[in-house]
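Quick note, the sequences are listed as chains A and B, same order.
So the working numbering is basically just the index in the first sequence, starting at one, shifted up by 6.
So the working numbering is basically just the index in the second sequence, starting at one, shifted up by 65.
I should point out that these hints are in silico values taken from the structure, not numbers from a laboratory.
The model shown is predicted, which means the values in this text are computed figures rather than measured ones.
Errors might be hidden in some of the hints.
Each computed DMTMM-like pair below joins lysine to aspartate or glutamate, with the alpha-carbon atoms no more than 20 Å apart [as the list claims (entries may be wrong)]:
(1) Lys539/B / Glu77/B
(2) Lys179/B / Glu116/B
(3) Lys64/A / Asp372/B
(4) Lys123/B / Asp180/B
(5) Lys470/B / Glu460/B
(6) Lys83/B / Asp180/B
(7) Lys83/B / Asp297/B
(8) Lys179/B / Asp169/B
(9) Lys102/B / Glu213/B
(10) Lys64/A / Glu417/B
(11) Lys152/B / Asp180/B
(12) Lys329/B / Glu433/B
(13) Lys37/A / Asp391/B
(14) Lys425/B / Glu72/A
(15) Lys29/A / Glu45/A
(16) Lys37/A / Asp400/B
(17) Lys539/B / Glu116/B
(18) Lys64/A / Glu433/B
(19) Lys152/B / Asp306/B
(20) Lys64/A / Glu45/A
(21) Lys179/B / Asp297/B
(22) Lys425/B / Glu73/A
(23) Lys34/A / Glu417/B
(24) Lys425/B / Glu67/A
(25) Lys34/A / Asp372/B
These are the residues of each chain, in order.
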Amino acid sequence: MSHIGIGHGVVQQLSSNWEPRMKELIRKLDKEYAIGLNEEEIDLIARQAEESARLYQKLYEVAAAEENSVSKCDGGEKQ
Amino acid sequence: MIPEITTLTIAELAPCIKAGVVSPVELTELYLQRIEKLDPLLNAYITVTAEQARSQAKIVQSEISAGRYRGALHGIPVAIKDNLATKGIRTTAGSKILSDWVPDFDATVVTRLKDAGAIILGKTNMHEWAKASNTINRFFGAIHNPWELNATPGGSSGGSAVAVAADMCLASIGTDSAGSVRTPASLCGVVGLKPTYGRISQHGGVPGTGGHSINHFGVFTKTVEDCAYVLDVVAGHDPQDPLSVDAAVPCYTDALGRPSDSLKIGMLDTYFPENMSREVRRAFDVALGTLERLGMKLEFISIPHMDLVPTVFACTMRFEDIAPHDRYLRTRPRDYSPRLLYNQISSLTIPEATYQTAQKVRQLIRREYEAALAKVDLIVAPTMPIPAPSLEACERGYAEIDGHKVPLQDNRGNFLTLFTIPFNLTGLPALSVCCGFSSTGLPVGLQLIGPAFQEGRILQAAQVYEQAAGWHKKRPEFPSTE
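Can you make the complete structure from the sequences, with help from the hints?
Spelled out as structure tokens, the structure:
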């Protein structure tokens with residue numbers, strides 16, 4: 007059985023290089039919502055959110071490519 | 066041999082009830098006895114409304130005796146997922162947070178079922194806030210699959226599927242924002258229909274149990290014909306749900322029995338073939354052979370952006386469904402199970418721009434499906450990539466499939482709902498019908514998908530298939546509970 011990416015390698019690939027910015031964002035949310043997350047939980051959620059954010063980047067690429075192809079069809083692209 | 070009355074279908078029982086041969090009071094009592102006997106094993110119900118059901122049955126009985134028969138659901142015992150509001154009956158959404166909530170109104174589908182004379186047996190167990198598909202509920206206990214008690218029944222409407230599969234009701238209502246009707250229908254071997262977005266009113270659904278643009282109410286029954294009977298009652302516009310579609314509703318039972326031999330059936334050339342297990346492939350291939358023998362013509366179709374479905378779906382679901390939880394996250398965060406709490410906080414980090422971008426890609430996928438469905442009448446696919454994993458596999462987060470360790474959940478989403486989410490994103494109607502059993506005796510589901518508002522066409526083809534294949538006649542067996 008082959009897979010289109012669910013699980014396989016995704017976690018390992020991203021976890022070595024995730025952004026500390028997300029951890030800060032989780033801390034802010036924790037404070038705002040008064041949840042009382044511990045460090046381990048903040049770490050886990052930040053990792054999860056960062057991995058999702060990276061996956062969502064692909065959507066920007068596809069949406070941009072689609073918009074470009076539409077503007078070409080409309081003659082809207084500068085020659 | 067005379068079959069046990071609780072194994073009969075709505076189509077078989079309705080004429081008997083109408084003729085006075087079967088009494089709704091006795092029928093209700095038989096189902097309550099069945100629940101009492103089997104639910105300790107299966108945990109399909111959160112709340113059994115025995116006294117209300119008995120009272121309702123007496124009223125129904127007197128109406129029928131007086132010649133005021135209302136139709137096929139009059140006197141039929143049904144169950145409701147616990148994220149649909151029921152007047153005077155607690156509605157928990159499988160959560161600790163709402164564990165004491167007793168609504169003062171009925172969801173529109175509940176009103177319509179009551180108006181049709183159906184008898185509500187109780188509220189079915191589900192995954193916490195309908196937020197996953199293994200129905201291991203931390204607060205109300207895990208639900209067990211009637212075909213193998215150590216396996217998940219799927220979810221999030223697991224209790225609704227189990228109640229039908231184990232003859233603990235004749236039909237049930239669930240909700241489906243990622244496959245929560247079709248997934249448990251497949252794993253429990255019953256019929257599960259998620260109609261077109263807007264076909265069934267969602268008024269009375271608990272907010273926060275499904276993103277507004279991807280959630281649907283759906284129906285579980287033992288057979289396709291029964292599904293048509295229930296859909297006839299619950300479908301249609303509702304002024305209380307602005308997202309329900311104000312369009313004529315055909316009589317779905319009329320669609321049954323029409324010739325299906327000229328139907329063109331599409332199969333996707335990617336995504337599904339790459340992700341189905343050997344057991345599912347075997348059952349699916351046999352099902353395709355049956356469709357061909359019935360005269361349907363099979364052809365491959367392409368959806369170019371199919372690989373983006375899980376990402377678009379995950380972004381949409383997480384972004385849309387977080388707002389109703391805002392107040393609970395601020396006031397009772399630790400009343401979520403830990404994993405769900407972490408997912409909720411993670412959802413708060415998704416920017417609006419990302420959501421809007423996901424919707425652009427979603428439109429692209431939707432147009433690709435529209436183009437595909439202009440070439441074929443229906444699409445078929447397996448409902449699930451694998452048969453039911455064990456509850457233990459769900460707890461540890463991965464299953465052993467064809468010699469591989471497959472994670473059941475990651476950031477792109479849920480492996481178990483991989484085959485159902487495309488039709489939550491597109492809003493297209495989709496039905497799961499049993500298409501065989503694995504080598505260990507677990508059901509496998511076939512999914513039939515049609516153009517928007519063509520539920521009749523799906524029911525027509527599904528019934529022809531069901532009758533030819535005959536899997537609906539197989540029943541789960543239970544250890545003696547005496």
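A quick look at each hint next to the structure:
Between the alpha carbons of Lys539/B and Glu77/B the distance comes to roughly 17 Å, so the proposed pair stays at or under 20 Å and holds. Of the pairs offered as hints, the one joining Lys179/B and Glu116/B holds, with about 16 Å between alpha carbons and a cut-off of 20 Å not exceeded. A C-alpha spacing of about 11 Å is found between Lys64/A and Asp372/B, which places the hinted pair at or below 20 Å, so the restraint holds. In summary, the hint linking Lys123/B to Asp180/B is supported, as the alpha carbons are separated by about 15 Å, within the 20 Å threshold.
At roughly 14 Å between alpha-carbon atoms, Lys470/B and Glu460/B fall within 20 Å of each other, so this suggested pair holds. A C-alpha spacing of about 16 Å is found between Lys83/B and Asp180/B, which places the hinted pair at or below 20 Å, so the restraint holds. For the hint linking Lys83/B to Asp297/B, the alpha-carbon distance of about 18 Å falls within 20 Å, and the restraint holds. Restraint check: the Cα-Cα separation between Lys179/B and Asp169/B comes to about 15 Å, which is no more than 20 Å; the hinted pair holds.
For the hint linking Lys102/B to Glu213/B, the alpha-carbon distance of about 17 Å falls within 20 Å, and the restraint holds. Between Lys64/A and Glu417/B, the direct Cα distance comes to roughly 16 Å. Compliance with the 20 Å bound is thereby established for this hinted pair. Between Lys152/B and Asp180/B the CA atoms are separated by roughly 14 Å; this keeps the pair inside 20 Å, and the hint holds. Distance restraint check for Lys329/B and Glu433/B: the Cα-Cα separation of roughly 17 Å lies within the 20 Å cut-off, and the hinted pair is therefore satisfied.
For the hint pairing Lys37/A with Asp391/B, the CA-to-CA distance comes to about 14 Å; that is within 20 Å, so the pair holds. For the given pair, Lys425/B sits about 9 Å from Glu72/A by alpha-carbon distance, which is consistent with the 20 Å threshold. Restraint check for Lys29/A and Glu45/A: the C-alpha separation of about 10 Å stays at or below 20 Å, so the hint holds. Under the criterion of a C-alpha separation no larger than 20 Å, the hint pairing Lys37/A with Asp400/B is consistent with the structure, at around 18 Å.
A threshold of 20 Å between alpha carbons decides the hint, and for Lys539/B with Glu116/B the separation of about 32 Å lies outside it, so the pair is violated. With a C-alpha separation of about 18 Å, the suggested pair Lys64/A and Glu433/B falls inside the 20 Å cut-off, and the hint holds. Pair hint Lys152/B plus Asp306/B holds up; C-alpha atoms about 18 Å apart against a cutoff of 20 Å. Our distance criterion of 20 Å between C-alpha atoms is broken by Lys64/A and Glu45/A, whose separation comes to about 30 Å.
Pair hint Lys179/B plus Asp297/B holds up; C-alpha atoms about 14 Å apart against a cutoff of 20 Å. A C-alpha spacing of about 9 Å is found between Lys425/B and Glu73/A, which places the hinted pair at or below 20 Å, so the restraint holds. A hinted pair counts as satisfied when its Cα atoms are at most 20 Å apart, and Lys34/A with Glu417/B qualifies at roughly 18 Å. This hinted pair checks out: Lys425/B and Glu67/A have alpha carbons roughly 11 Å apart, not beyond 20 Å.
Pair hint Lys34/A plus Asp372/B does not hold up; C-alpha atoms about 34 Å apart against a cutoff of 20 Å.
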